[in-house]
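Visitor: First to last, the protein sequences are chains A and B. Heads up: the first sequence at position 98 corresponds to 97 in numbering that gives the first Met the number 0, and the numbers run straight through without jumps. Heads up: the second sequence at position 119 corresponds to 118 in numbering that gives the first Met the number 0, and the numbers run straight through without jumps.
Think of the hints as simulated: they come from the structure by calculation, not from any bench. Careful: at least some of the hints might be erroneous.
[Stated by the list, open to error] Derived, one-sided and incomplete: chain A residues facing chain B with beta-carbon distance under 8 Å:
| # | residue |
| --- | --- |
| 1 | Pro21 |
| 2 | Arg44 |
| 3 | Thr45 |
| 4 | Asp114 |
Remember, predicted model here, so these are calculated numbers, not experimental data. Ideal placement from N, C-alpha and C gives every residue a C-beta, glycine not left out.
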Amino acid sequence: MMRFLLLFSRQGKLRLQKWFMPMSEREKKKIIRDMTTMVLARQPRTCNFLHWKDLKIIYKRYASLYFCLAVESQENELLALEIIHRYVELLDKYFGNVCELDIIFNFEKAYFILDEFLMGGEIQETSKQIVNRSIEASDMLQETMEEYMSKPAF
Amino acid sequence: MSPSVPLQEMIRAIRSARTQCEERGVIQRECAAIRAQFRQVDNGARSHNLAKLLYVHMLGYPAHFGQMECVRMIASPRYSEKRVGYLGAMMLLDEKQDASLLITNSIKNDLSHSNQYIQSLALCTLACMGSAEMCRDLAPEIDRLLRASNSYIKKKAALCAVHIVRKVQDLGELFVPAARSLLTEKNHGVLHGAVVLITELCENNPETLERFRKTVPDLVQIMKSLVISGYSPEHDVAGISDPFLQVRILRLLRILGRNNEAASEAMNDLLAQVATNTDSTKTVGNAVLYETVLTVLDIKSESGLRVLAVNILGRFLLNNDRNIRYIAMTSLQKIVGTDHIAVQRHRGTIVDCLKDQDASVKRRALELSLALVSASNIRSMMKELLLFLSSCPLELRAQAASGIFNAAERYAPSQRWHIDTILHVLTTAGGDVRDETVPNLIQLITNTSELHCYTVHKLYRALLTDISQQSLVQVACWCIGEYGDLLLRGECQETEPVQVTEDNILDALEVVLQSHMSSPATRGFALTATMKLSTRITDNVDRIRSIVSIYGSCIDVELQQRAVEYNALFKKYDHMRAAVLERMPVIEKNSPGHTNGESAGEALKEVQPAKVKQGDSLLPQQPANQVCDLLDLLGSSDEHLQLRPAQGSTAPSLPSNTASTAGGDLLDLLGGFEPTPPAPAPQVPTLTVYDKGGVTLTLSCEKQSNSGLIVTLTASNSTDSDISGFTLQAAVPKSVQLHMKAPSGDFLPARGAAKVTQMVVLNNPNKVNLKMRIRISHGTQGSAFQDTVQIDSFPGLSVPGQ
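With the rest of the complex left out, here is chain A (with noise of 0.2 Å):
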């Protein structure tokens, strides 16, 4: 089972925090003050996988993005970066070449393909195709519930 997924910039900052588990907001501080402290403190030519108290961490940095999975210690790590890499392809195939200002512009569709893709610390859908036409479908579904509402588009 997936523990978290936080997305952060090389100067730390957050772009992305998906919690599988229940924390109070003290530990969710803490735990993202830990993730960017390691991670950003790794050599350019190291491997993708830390220990972090009994979890295992795969993060894999994407232009200017570092992408942080943190799992439980029975998973395949291997897998893990797949797992990255798959969002990473749902969100560029979403945005179009996504970079970080989309993400950052677009939070809320980031979080809406990775509900689409990952649920309950598991992996939901394993076809890029279906996650896609879900994610337009229920946009579409946003856009003439607002039309016919004639409300502004969200």
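Add chain B to chain A, keeping to what the hints say.
Guide: This is chain B only, laid out in the frame that chain A set:
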């Protein structure tokens, strides 16, 4: 999809703030506006405001005032508001907040909504932050959705069920039938969810696991179709068909096949097929191979398959990708205990990984290398490990040092090699070793008497070069104190001897004493060593005297106490000095934390110098050994015994705390002499144990407690001449503690005019067969007489072994 203008404007405003203070100002203004808007009844901008609030929350600012707004928005009929409301609920609410209960009803309604996207919102939120109560409430609804809905909802319901089972274990039973039927689905998403659900149910409850074992053939079938089937565009990742599903199925198979022959048998072929056919050029393929290897090693697989798995790990070790090398070593670590020989084949590669740049890889390589050390490769491995120690990162040093010590202790090919290795570690990483290294090393050195000269030479040289490593300096001081005379002799077979004078040695010790780098414990060692040298050297005793008296006024209380006592030894008890400061006897290696305490008569076994003993194991108690123990003790050189007899009248009350550090335990053999008068002999049966040459010795004993016993020995002299200098010494089996009280005297007048009594307190906690050997010695008219007698049964002890 049109973006939210108000939200994006706010984000831009926040980002353009140049200082933290400015940013705080912008955010405060925005939050105030949002709060005001929340208080209004209904406006079209509700979702924008909540989205803004969530952004502010992500930056780290407090946003709890948005919780009620989330609850309201979830209840709204509009999809856009529901969407943001649920997102807000997942971010701001968790099961600890009271407001989370309020959304239970909304979720319940939305679960049966006609629109599947609204259903999916509810399912997602429940799986993310559903509390135990909510789960219990909504479980039947989830079960219904698991059976009768489209695949989009089914897959979400399955993961929701997983969350419910994790929160409330008892509800697992509810989902078993549905989970079973889901395995027949074709949709990969649903299949994946089903496999995760079954995995969770099996890990939860062993009975459920038994029932699901029957699904192994189905799972094998699904896996086969994934592996063999042609290209499927929807699920393909770099040539592997749905690796996520494959890995999950492999994990479930692992759980089902563990400890079960039949299930393991059924999956053997499949695992072999996956292991050989999976393309390992990309990470994806390696992920599947890795999971396969883990499964093979965990179930009861046949040996051919195991060899295949270990070979895959071996291939991983040679992979260019550092990640893959890392996980290969992690897996090898797990099996090094069981498949030791297979892992040994890859020892070379593993040792090479010690030189890798990456700290995580180094750590794994270190653990694995230490596990692979054996008697045959100890020399080469130790070379590599010592090389590693000199260049390893700081956080690994302590682990490396203690690992090296353990390995050296278990497989040392020779004493000299062992001592050399330990000295090497102390010189490179002396600051990171554990505290018990110093007494362990000292004990090792005393055991190898033929290497004393060599050791002290090496340590002296090391001391001259560098006095910063405290453990090394402590051991060096101790050795110089003990074996300084060997240094002075100027000849050594094993190594180049040094030409030193007594002044040189004392200089070296003084440097340690005065250096600010030395810890208090080290200075204590140095002072004691200096004192010991007073009996080993001849010319500079005055210098030693002056050093000792200087430290009599030292600020450090420990040093001051020592100095004062040593001063006393010089002044009032000079006649005792030689005996007190004599060469140490061989130290017995007890279990950790050996206490010599006050049992002045504790039996010390003579150690065979050739073998290095195991650290933690206590030697088994056999009656034959006990007798040998006694023999060895009483047959050993006199210097051992001089320390032990209970000479009541002349014993000074030397406190037994000549040194309180670890090294001090060794000096504690002197124990405490208690000049207490012997208690009157109780009225218990007596036994005559010795009657020879006119000297009669009788014994009586009285049980003190469950394991305690007081033995009283009474001696009388029936000859015509007086006996003087009469002493008794006693020895008992190793596990029995003995304490001899002071005898009533040492003069036996002729014709039984008076008796000498001696009390011996025994403690037999292990309830071994109690035996005692007594040596009687006396000097009659100038000639010494000695005799021994063994007592095998004690009067008053009804059951042997009590």
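Visitor: For every hint, state whether the structure bears it out.
Guide: Hint-by-hint comparison with the structure:
no.: 1; hint: Pro21; result: holds, 4 Å
no.: 2; hint: Arg44; result: holds, 7 Å
no.: 3; hint: Thr45; result: holds, 4 Å
no.: 4; hint: Asp114; result: holds, 5 Å
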